[in-house]
Every structure is written in C-alpha cells, then in structure tokens.
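Asks: Starting from the structure of chain A, add chain B where the hints point.
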Amino acid sequence: MSEVLASLLDGLFVGCIYGLAAMGLSLIWGVMNVINLSHGAMIALGMFGVYLLYSHLAINAYILLLPVMAGGFLVGLAIYWIAVHGVVNRPQLMSLLSTFAVNMIVIGIGTTLWSTSPYNVNFELSGITIGPYTFTGNHIAAAIAAVILAASLQLFLYSARFGKAIRAVADNRDGAELMGISSAWVLMVAFGLGISLAAASGALVAMLFPFTILSGGIYELKSFVVTVLAGLGKPIGALLAGILLGLLEGAVTPFVAVSWVPLIEFALFVFVLVFFPRGIFERML
Amino acid sequence: MWKRPIFWLILAVSALFALLPLWGDNATLRETLILVAVAMILAANLNMMIGYTGYVNFGNVVAYGLGGYIGIYLTTVRGWNLMAAALAAGMAVSLFTLLFGLAILRLRGAYFALATIGVLEAVRAFVSNFPPWGKAAGLYVPFTAYAPLGGAMRAVWLTYFLVVAIFGLSLLVSLLIKNSRFGLALFAIREDEDAAIALGVNAPLYKARIYAISAFLPAVAGALVFFKNGMIDPAGAFDLTISIEAIVMLMLGGQGTVAGAALGAALYELLRNYLLTSPSLSSFHLVIAGALLLIIVLFSPDGIIGWIYRLAPFSRRILE
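For the record, the sequence lines run as chains A and B. Heads up, the numbering used here is the position in the first sequence plus 113, with the first residue counted as 1. Heads up, the numbering used here is the position in the second sequence plus 846, with the first residue counted as 1.
Chain A extracted, bound-state conformation:
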C-alpha cells in the first residue's frame, strides 16, 4: 500500500512537469492554431541550456531557470519569424511541416554538437524521507516551480492587459484586429512564451534525470496527451491534466512493466481524442 502511495506521490511531482511542458504547446496551439512539432527539440534545448550554464557558473541551478526561459523566449521569437509567420494563415499541414522542419534542423545540429550520449546536471537539493521512501529535493522543487509558472501564466492571461490581448486574438483574430490589437505582435509574443515554457520544463527535467538531445521527444508526446486531455489554452487545465497523467503513471507502475506505460497513455490519448475532443475539463474550467 505504502509503495503505491509513494509511487503516486512521485507521479504527482513528475506530472507537474508534464503539465508545464504541455502549457507551452497548448498556448501556441490555442492562440494561433499551430501544432508546434519542434516542441520536443525546444525542451531538449532547455535541458542543454541549463546544463551548459550550470557547468560554467556552478550556482543554484534553479536560479538558472530564469536565463533559460529568457533564452527560450528569444529562440521562440526567431523561430516564429523564420518558420511560422509565413504559414499561420495557410492550411494546417504547412505549419505542421514547417515546425517539424525546425525540429529536424535543431535535432541535427544538437546531435552534431553533443552526440546522443547522456548528460546530467549534478545539482542536488536535500530531500525528504518518509519511512522507507526518499523524495529528492529536486522533485519537490520542480513541482513547486511548475505550479508557480502555471499560476503566473494564468494570472498573466486573465489579468494583464497583454494577456487579455492574447486571449482575444485566440478567440477571434479579425475581431481583435478591429479593436486595435496588432495580432502579428501578439502571435509572436505568444510563440515566444510557449517556447520559453518548453525550455523551462526541459531545464527542470534535466535536474531530475539524465538526458540526451533526443529526450525532448518523450515529453513532446506526453504534452500532446496532456493538451488533448486538458483542451486548448487553459494553463491550469494543462497543469491538472499533467498531474492526472503523472498520477496515472504512478498508479500503474507498481503493477505493470514500465514498457507498457506508453501503450496505456496513447490508448487513452486516442480514446479522449475520439470521444472528448474538447478535453475532459470542458464543463469545469
């Protein structure tokens, strides 16, 4: 019993990171109807960002989250102008392909620079021990950071003037233009924010597990599952769905081999897509 509880608690912590990773994808998808297939590569860039900064500066790795997010924002702006701006109004196939092209370029360069061997960030916060189980400080800190970021995004979207403009553009771009909102500017900032969140989730993962340039792919796929569970454009919904997915993994792992987990997740993914295409929180949030 306590084994299941410990596994669930672990799932809760990791689930917060899934939620954070999905928020970036969900924001971009909701605002400009672009499914960002370079999401995984951006998560991986966040991992390597924190790795490189930490190995040069050797300060508290959680402070490094801020420069990584700022860097992610700038990378996001650049990608928006190069690859996304020209296809926003074209059929969705085009934006799927152009963001995937970015993914291939980033992964290709990353593989040349860092090969595909694993790296890790040697930064440990002291953990908490409950009975026979120890929860590392990094897990707890990552969950707290993810919740703080989700709350600030929610606050930004619903209270700040620019956040409201983002939601207006997501609802109706033409209407927002008529109200004097420059939608090109809003789309660019929203894309930058989405990538910045992806980079942040990558940085948090990098402090928990060893990673390679390809590791982002797993979190990209989980982000799809979470986004579909949560519906689009709701940061708190994404966080909750991420936690739900984490708890599901936590509940399942004591009983089945870990290699079955992806099958369960994707069966759930296809099931939710077919039967609840607007997400499971449609009526609640």
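Any given hint might turn out to be false.
[Said to hold, decoys possible] Under 8 Å between C-beta atoms, here's a sample of chain A residues computed to sit facing chain B:
#1 Asn202
#2 Phe337
#3 Pro390
Derived from the structure by calculation, the hints contain no laboratory data. Remember, predicted model here, so these are calculated numbers, not experimental data. Ideal Cβ placement from N, Cα and C applies to all residues, glycine included.
Replies: This is chain B only, laid out in the frame that chain A set:
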C-alpha cells in the same frame, strides 16, 4: 488509362528498375534501387492520404512495419510461403486500418494528424511487449528460411523484383484512383469536407477506405523487405523519422501528383544516400533535409512538379 503517356512511363520506369541491376549482376546498384523503390512505395501511398484527401498521416510507417512483422512471423514461425505471407500481411494490415480508420477518421485535420502519432507510438509500445514477436529484441529470419526460395542469393533477387513490381503497382493504383469517381470524392473532401458531405459524399467511409487502401501495398512491401533484411525490431520498424521522411519526399516532389510523389522519393533517397556516405556531411543529413523541407513549405508548396509545370506547361499533359 492505357492511352495516357504516364501509364507507359510508369511501366517503362519499373522495367528499367528491374533490368538495370541485372546488367553485370550489380548488387550495389540493386541495394540502392530497392531503397529508392521502397521510398517511392511509401511516398506514393502516402500521397493518397495527404495529396488526394488532405489528411496528414504521421503513422504511415506503421503499415510498413506491421507488414514486416506479420510477414516474418508467418514465414519463419508458421512456415508459410513468402508470397502468401506477404499477401496475408497486406490484407491483415488493411483490415486493421479500415476498422481503426472508421473510429479515428471522425477526427479532422490536425486532430487526425496527432492521433496518427498516437497510433504509431501505441503500436510500437504494443509490439515491444508482445512475446510472440520477440518483444524489444525483434524477430530474426533463420538462414534456412531462404532455402525454399533457392538459397539466400536467389531470395534476395526475388524480393527485389517483387518490390519493384509493388512500386509499379503503387503508382498505377494512385493513377487509377486519381482518375476515378472515388478519387473525385476524395478531392472534394480535401477542398471542403462540409461541402462534400452536403453533396452526398459519405466522408468518414471514404476516408477510412483510402486509409485502408494506402496501407495495403506498403504492408506487402514491408513483409518482403524485412524478410530480405533478415531481421526486424520495433525501433527500426516503427520509426517516426521514416514517416516524416516520406512526407518530406512527397512535399519535395509535389503532393497530389503521381509523378511528383515518385520523383520526390527518388531524389530525396539519392540525396540522403549521398549525404550519409559523404564523410563530412553524414551527421548533417537531418539538418539538410529539414532545411529543404522548410524552404519547400515556405516558398514552393507545390514542389518540383509544380515548378516543372510552370516552366514547361506541355509536360502536364504527359505527366497527369
């Protein structure tokens, strides 16, 4: 159909593929051409989904990989004849996609595209855990399995000719569908699905049918190619990269056209071969493929064929 030049062009190219490596018993050329032929099979069948119907299938490699698994399982474990096994693989995969398509093709646009990524990952996870198919280690073809075909050497040549035949067949099927009533219904769905439904096109059924048809020949090809290679494992059989490369090929050549799919596949595969074997560029092949895709999407969405049509308008009469 036989009055069209493209019909004879397809037959001529297939014959050329079959004969070229025979000249001087050129095994290197044969291995290059079989890769090109497989790329063309995948791109031509994907074209029916993306180019004709307007639905992106990121899981197109699932048919190829599943076909390979069923083919190897039937020939080595059950002792079936290779041709029977390949046909059975094609039919089983087609039936599976038809039933599955009826469920997931109610989704539209990007949601369908995401679901196909889900299907790919789910199938890979399932096969990686499926004991009769060797779990993550995969299946091997023992050397004795080639004996009924007259030894490994003869078997390799036989599979080569069969793969070339399937490549010709893929192009002919694409051509046939493009010029049929069924094809017109697919184009209508691509242009405006709601309008098509209003005009009496049973969109979910048509989509599921083309989904199943586009899975048949890749599955047969998979059974043959993986049998020839002698082994199959989940990571190699269900690789998202192969699916994506098929999409790149299609975009490069020109989606929606039979000649474009074939041309794009051949060019991309040769380019990739060159990049992978060139010592200074091998690690850059993803970067170059990505940059190529980005440039096509941004500046020339109708691909090389579109460019040829604009440059020499009479070529449209030959290639359509």
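Asks: Compare the structure with each hint and give your call.
Replies: Consistency of the hints with the structure:
Here the hint on Asn202(A) is broken, as its CB sits about 13 Å from the closest CB of chain B, past 8 Å. The interface hint given for Phe337(A) is met, as the beta carbon of that residue sits about 6 Å from the closest beta carbon of chain B, less than 8 Å. This hint holds: Pro390(A) has a C-beta 6 Å from the nearest C-beta of chain B, less than the 8 Å allowed.
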